[in-house]
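Number of protein chains: 2
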Amino acid sequence: MTKANDSTPKRTPIEEIGKVGLIDRLLTTVGTSLSDTVCFGEEAGHHWISSQKLLLEGIDFDLIYTPLKHLGYKAVLSVLGPIVAHNYTPCALSLNIGLSKRFCIEDVEELWSGVSAALQENKITNISLDLSSSLTGLTISLSSQGKQKTEVFVQTPKAQSGELLCITGNVGAAFMGLQLLEREKLLFNNNPEVQPQLEGYKFILQSYLSPQLNTSVGESFANNDILPSDGVFITNGLADAVKYLCKKSNLGAKVFLDKIPIASQTFEMAEELHMDAITAALNGGDDFQILYTVPLSKYETIKKELPQLDVIGHLTSDSGYACLVTPDGAEIELKAQGWSERAAD
Amino acid sequence: MTKANDSTPKRTPIEEIGKVGLIDRLLTTVGTSLSDTVCFGEEAGHHWISSQKLLLEGIDFDLIYTPLKHLGYKAVLSVLGPIVAHNYTPCALSLNIGLSKRFCIEDVEELWSGVSAALQENKITNISLDLSSSLTGLTISLSSQGKQKTEVFVQTPKAQSGELLCITGNVGAAFMGLQLLEREKLLFNNNPEVQPQLEGYKFILQSYLSPQLNTSVGESFANNDILPSDGVFITNGLADAVKYLCKKSNLGAKVFLDKIPIASQTFEMAEELHMDAITAALNGGDDFQILYTVPLSKYETIKKELPQLDVIGHLTSDSGYACLVTPDGAEIELKAQGWSERAAD
Numbered sequence: 286m287t288k289a290n291d292s293t294p295k296r297t298p299i300e301e302i303g304k305v306g307l308i309d310r311l312l313t314t315v316g317t318s319l320s321d322t323v324c325f326g327e328e329a330g331h332h333w334i335s336s337q338k339l340l341l342e343g344i345d346f347d348l349i350y351t352p353l354k355h356l357g358y359k360a361v362l363s364v365l366g367p368i369v370a371h372n373y374t375p376c377a378l379s380l381n382i383g384l385s386k387r388f389c390i391e392d393v394e395e396l397w398s399g400v401s402a403a404l405q406e407n408k409i410t411n412i413s414l415d416l417s418s419s420l421t422g423l424t425i426s427l428s429s430q431g432k433q434k435t436e437v438f439v440q441t442p443k444a445q446s447g448e449l450l451c452i453t454g455n456v457g458a459a460f461m462g463l464q465l466l467e468r469e470k471l472l473f474n475n476n477p478e479v480q481p482q483l484e485g486y487k488f489i490l491q492s493y494l495s496p497q498l499n500t501s502v503g504e505s506f507a508n509n510d511i512l513p514s515d516g517v518f519i520t521n522g523l524a525d526a527v528k529y530l531c532k533k534s535n536l537g538a539k540v541f542l543d544k545i546p547i548a549s550q551t552f553e554m555a556e557e558l559h560m561d562a563i564t565a566a567l568n569g570g571d572d573f574q575i576l577y578t579v580p581l582s583k584y585e586t587i588k589k590e591l592p593q594l595d596v597i598g599h600l601t602s603d604s605g606y607a608c609l610v611t612p613d614g615a616e617i618e619l620k621a622q623g624w625s626e627r628a629a630d
Numbered sequence: 286m287t288k289a290n291d292s293t294p295k296r297t298p299i300e301e302i303g304k305v306g307l308i309d310r311l312l313t314t315v316g317t318s319l320s321d322t323v324c325f326g327e328e329a330g331h332h333w334i335s336s337q338k339l340l341l342e343g344i345d346f347d348l349i350y351t352p353l354k355h356l357g358y359k360a361v362l363s364v365l366g367p368i369v370a371h372n373y374t375p376c377a378l379s380l381n382i383g384l385s386k387r388f389c390i391e392d393v394e395e396l397w398s399g400v401s402a403a404l405q406e407n408k409i410t411n412i413s414l415d416l417s418s419s420l421t422g423l424t425i426s427l428s429s430q431g432k433q434k435t436e437v438f439v440q441t442p443k444a445q446s447g448e449l450l451c452i453t454g455n456v457g458a459a460f461m462g463l464q465l466l467e468r469e470k471l472l473f474n475n476n477p478e479v480q481p482q483l484e485g486y487k488f489i490l491q492s493y494l495s496p497q498l499n500t501s502v503g504e505s506f507a508n509n510d511i512l513p514s515d516g517v518f519i520t521n522g523l524a525d526a527v528k529y530l531c532k533k534s535n536l537g538a539k540v541f542l543d544k545i546p547i548a549s550q551t552f553e554m555a556e557e558l559h560m561d562a563i564t565a566a567l568n569g570g571d572d573f574q575i576l577y578t579v580p581l582s583k584y585e586t587i588k589k590e591l592p593q594l595d596v597i598g599h600l601t602s603d604s605g606y607a608c609l610v611t612p613d614g615a616e617i618e619l620k621a622q623g624w625s626e627r628a629a630d
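Chains A and B are the protein sequences, given in the same order.
Just so we're aligned, residue 286 is where the first sequence starts under the numbering used here, counting upward by one.
Just so we're aligned, residue 286 is where the second sequence starts under the numbering used here, counting upward by one.
So that you can see chain A by itself, here it is in the shape it has in the complex:
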């Protein structure tokens, strides 16, 4: 009996079973079959929403330090996020994966294992999958649809001046996790003998590599007779989310610096890298938290019944002006994020 060489992972070209063969194999794992579209409804008394996300290798993720399984999981959450934030329940997902020759069947299966884990956790069985050719690495395009009872839709109030701004958890951790991974990548590129130093930073690494989506807040709101007027999925920094909310509602906002939840590891990593934890929290990105606005009258209820929420400020009538208030009372206007790196190709 010959002993298999376990140290070399198998790499099977996709051409061996073909594009349709691979799509079939992946869809079987989630109990569905080939389809060029997803169908949903009719469910009487429901409203619908659709969300879309495009993830490009080199811009949105780096496969040097991002395991494909984590990437698949995170990609699904990134398109479900806005649906959950708007208080809808995700029910269908379409995925198109663009692949260059570098990727083999095992890679796609690894990515898919993360995708299907996220689909199962969120009870989504209505799925469409397609694979495309790509000249340049991995491209992931997702869209998802969600539903909401029409009675909720009708009752949802418009955001008002004076309402509270709440977030579902700490911000800036994912960005500092990314900075740590980038530092170790740089060290490794300079000297491949160097072992990555990642100990003691599990929290910020997890925040970046396998974020969680808080899908239970909507239920907690309902249980406490709170109807948030709007929700924004925070992926491009807290400042961006607050400014977006102001623009949508034609209002202003005050965010209190000392109320923004920032994890201790975020501060530690920022100090180690000579960076600013506050900037990471405001402009870092990849937080996967939700920013809600709720009536001021619900302040006590939130403090008591929804301890997972942090009240960080409130809306004002000062249309379009969003600012950060420092502990000494100074106001600093929040700036919109610029572009992330666009390359001159």
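These aren't lab readings, by the way, just hints derived from the structure by calculation.
Straight-line alpha carbon distances no greater than 30 angstroms define the calculated DSBU-like cross-link-like pairs of lysine-lysine that follow: (1) A:K533 - B:K408; (2) B:K408 - A:K532; (3) B:K443 - A:K304; (4) A:K533 - A:K434; (5) A:K544 - A:K533; (6) B:K533 - A:K408; (7) B:K304 - A:K532; (8) B:K443 - A:K408; (9) A:K533 - A:K443; (10) B:K408 - A:K443; (11) B:K470 - A:K386; (12) A:K533 - B:K304; (13) A:K620 - A:K533; (14) B:K386 - A:K532; (15) B:K434 - A:K434; (16) A:K304 - B:K532; (17) A:K295 - B:K620; (18) A:K408 - B:K434; (19) A:K487 - A:K408; (20) A:K539 - B:K304; (21) B:K304 - A:K443.
Model the placement of chain B on the given structure of chain A, informed by the hints.
Chain B alone, transformed into the frame defined by chain A:
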């Protein structure tokens, strides 16, 4: 008064008005505003469908010979196609454009002018737009949602053996248009003094660069009491569409070679390039036609009342076996398309 130099088109960096500024400007032209999602429904008595499309520069289009306006128009039709084919009415569209530094505001506006023309023609006002950074050229990700009356959904029969296969128009023309453009590109690359020779081939060039989507067939079916059991949008060649239909319905198909509509310019160009027009029709791609299956009993009605449809064959009970029948009665099994070029990056 100084005379403006009209020969140099203006190229304004997107950074001048910023990402959100540009999104705002584009959305204003179609009377809508910034939104991270699209919402639709409730419409009592309707079913919903969602379609998604990913278009990558270098794989799905070549900007050397594809005007951005045409590309924008065609991109929208490519995501509406499957919705129309399934007998739904498109009602919402989300678009994400990935841009490298090479693209300026005027480019995006040019692309958008094609997008908005297609949206207006199809009466879609429910739109979400986002811009992303890209390391490598232009990436267009689209998703669209459509609706169908539940009574239609419930009545739609499953495809049956013996049913007719019909298509909405000729196939292979777009592929031959693409071959012509590729030939002229090659000649130009070898000698930039050479002027492109495109005269006399307007039909195949238009088929590739600005295809039309036949959105009126559904109504014609309804007016003649025909309920097609299924529709497939033909983008990857007729053979691919027929095989997909067989797979979905667990049936077989016979397509009669002399019934496939092929335009005379398609034959002419194929001859000029020493290619096979039949192969272009079967495997060419980009046809933007729809393949329908309708009951055999409706044959006379279709011939008389829906002359825009060509009956090209029928379904059989021979599960998974799709073949082409030549005029002398020989059967050639239809092959699935391979991958388009995946690059070893």
